[in-house]
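Undergrad: Given the sequences, and given the hints that come with them, work out the whole structure.
Protein chains in written order, with the working numbering: chain S, 1 to 245; chain H, 1 to 324.
In short, the hints are calculated from the structure, not lab data. Mixed in with the good hints, there may be bad ones.
Here are a few chain H residues that face chain S, going by a calculated C-beta distance under 7 Å [to be verified]: (1) Leu71; (2) Thr72; (3) Arg90; (4) Gly94; (5) Pro100; (6) Ala104; (7) Phe106; (8) Ile117; (9) Val120; (10) Thr121; (11) Gly123.
To list a few chain S residues with every Cβ distance to chain H over 10 Å, as calculated [claimed, not checked]: (12) Asp56; (13) Thr64; (14) Gly89; (15) Asp134; (16) Leu171; (17) Val204; (18) Val229.
Don't be surprised by glycine CBs; every beta carbon is placed ideally from N, CA and C.
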Amino acid sequence: MTASVGWLRAFAVSYRVLIRQILTPGRLIGLGLLGAVFILIGWAVRADTAAARAADAADLASNTGLAFILPVFILVFATVVLGQPNEDGTLVYLWLRPMDRAPIVLGGLAAALTLAVPLVLVPVVGAAAAAGADTGVVAAAAAAVLLGAAAYGTVFLAFSLVVKRSILWGLAYVLIWESIAPNLGDFAGRLSLRGYTQSVLANVGGVDLEGLNPVATPVAIGVLAAVAVGAMALASARLARLDVA
Amino acid sequence: MGDPLESASPAEPSSAGAAPGALIEVAGVSKTFGDIVAVSDVTFSVGPGVTALLGPNGAGKSTLFRMLCGLTAPTAGTVRVLGADARHDREVRGRIGLVPQQDALFDRIGALEFVAIAAVTEGMADGPGAARRALELVQLDPDDQRTLSSYSKGMRQRVKVAAAVVHDPEVLILDEPLAGLDPVQRRRMIELLHGLGEEGRCVMVSSHVLEEVSRIGSRILVIAQGRLVAAGDYRDLRELMDDRPHRFQVKVNRPRSFAAALVESGAAVGVSVGPDSVMIDTRDVGRLSCELAPLARRLEARLNRIAPLDDDLESVFRYLVERR
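TA: If you want it as structure tokens, here you go:
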């Protein structure tokens, strides 16, 4: 006879197992190289500008770092962390245990972010610094990355439990919707996570970003946090109702 | 120990309600995936001991097992394991051990860690200790440092069994557990399953191989095309299968007169005539084989080929489905 498993143990075991399943040399090397290229671009921006301005560096961090590297890198890890076990059948070894669903989701999220956040943070912050950003912009970029990672991570993880081929749907969301939404007016722009991470960068770093009408920092943080909590609840509920192979 | 198959008459699927002492109760259960009916109106109950679920590939065995464990919900009907629905009852899930059919494991860790994780997530205090004992039970080395990715199919199968029994479950569900095992491992695995059943556990094992099932469990449920088509003792099932009409194809140069003579002799219960062959249904294979050559001689016909058409297990299942 066995006892139910507590939250902390369920979280720790899920984290320990899942992080090793998604830690592949291919992912680390591929994304690491992309990040290194981004830092080189930062150097190129600085070399190309006679007097490097903080705004140029902030634009680089915003338009490429927050708009592309952050969501895409997070997508790669967040969609596979539970999506892959669900597809290959190993999810049953966590699902069937007498554990709550939320710590499994949290463990998966933590595993994905443990690997993805350094791969995003280093190039985004590094490129901003290399391009001549001051300490304030660099710190703001780091804050935007961390907040954005939590929101994107939970959304994409929930995605992977709701739709098949979640990585393609996630890419479509990032590359199509998040690119188009800001051009469709303020309301549509508010339906995109990118606007909130960029608002954090603009407000905290004290810079104007090209084409951005930022929301207030508390609103941006609140929305990103609410999205993360909502997606977390959705993912947990979805996991409980999932048809497991 | 009670009768493993609590409510089933020999060679007839059970339609009775839950029997007292049943650990698994399945009542009117169906499962569809879109237009595909995987399981159709299945009812049975099972008590302690070993029960085999026999059926061809695609019959619905795995879907039925997944519903027992709560991994998927039935479209209709109710499934109760230890009196509860495992899909919604966390405590009951901890009293079930499952060996799933799929081969996938957490490949980047070793056997000891894999089984220890199973123990810990089942709420056991000493995960590694329990994992060692479970691995030794299936004759695997707990100190093997290799990751599971380097294990053979048979070893992976035994790791899955160790992970399923590590927490000493009351109900053990094994989906094709003998797949990939060599004959010695099969024998040991069957001994292990019998041992677990004799301890009073409810052990359900699926297979699509009849001879395998005869060694796994004396109590058998037969499922084909999603329906429970027979249930009972292995000997009853064997008799039922032996009693069914057998079909042969005989290539002969005078099929029409040969067919008529066969029916007249009583050796065939049905015939259908083709351009150069006769399809024969018979209930008495021995008599038919004695009649064929003399009949051909008498009619001055030339027999070119005699071939059984339904000696495979699939045809047995087909027969069981058709007779319902």
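Undergrad: Run every hint past the structure and note whether it holds.
TA: A quick look at each hint next to the structure:
Interface restraint check: Leu71 of chain H against chain S, minimum CB-CB distance 4 Å, threshold 7 Å, status holds. Interface hint status for Thr72 of chain H: upheld, as the beta-carbon distance to the closest one in chain S is roughly 4 Å, under 7 Å. Interface hint status for Arg90 of chain H: upheld, as the beta-carbon distance to the closest one in chain S is roughly 5 Å, under 7 Å. Interface restraint check for Gly94 of chain H: the shortest CB-CB distance to chain S comes to about 3 Å, inside 7 Å, so the restraint holds.
Taking 7 Å as the C-beta cut-off, the interface hint given for Pro100 of chain H holds, the closest approach to chain S being about 5 Å. Look at Ala104 of chain H: its Cβ gets to within about 4 Å of chain S, closer than 7 Å, so that hint holds up. Contact between Phe106 of chain H and chain S, as hinted, is supported at the beta carbon level, the nearest pair being about 6 Å apart and thus within 7 Å. Using the Cβ-Cβ criterion of 7 Å, the hint placing Ile117 of chain H at the interface with chain S is satisfied: the shortest such distance is roughly 6 Å.
Below 7 Å, beta-carbon pairs count as interface contacts, and Val120 of chain H has one with chain S at about 6 Å; its hint therefore holds. About 4 Å separates the beta-carbon of Thr121 of chain H from the nearest beta-carbon of chain S, less than 7 Å, and the hint is met. For Gly123 of chain H, the interface hint holds, the least distance from its beta-carbon to any beta-carbon of chain S being 4 Å, beneath 7 Å. Even its closest Cβ contact with chain H, about 43 Å, leaves Asp56 of chain S beyond 10 Å, as expected for a residue assigned away from the interface.
The non-interface label for Thr64 of chain S is consistent with chain H: the shortest C-beta to C-beta separation is roughly 33 Å, beyond 10 Å. Distance to chain H contradicts Gly89 of chain S as a non-interface residue, since its nearest Cβ pair spans about 4 Å, not more than 10 Å. No beta-carbon of chain H comes within 10 Å of the beta-carbon of Asp134 of chain S; the shortest separation is about 43 Å. No Cβ of chain H approaches the Cβ of Leu171 of chain S within 10 Å, the least distance being about 25 Å, so the stated non-interface status holds.
Even its closest Cβ contact with chain H, about 39 Å, leaves Val204 of chain S beyond 10 Å, as expected for a residue assigned away from the interface. Non-interface call for Val229 of chain S relative to chain H: holds, since the shortest CB-CB distance, roughly 23 Å, exceeds 10 Å.
In this structure, the one hint that does not hold is number 14.
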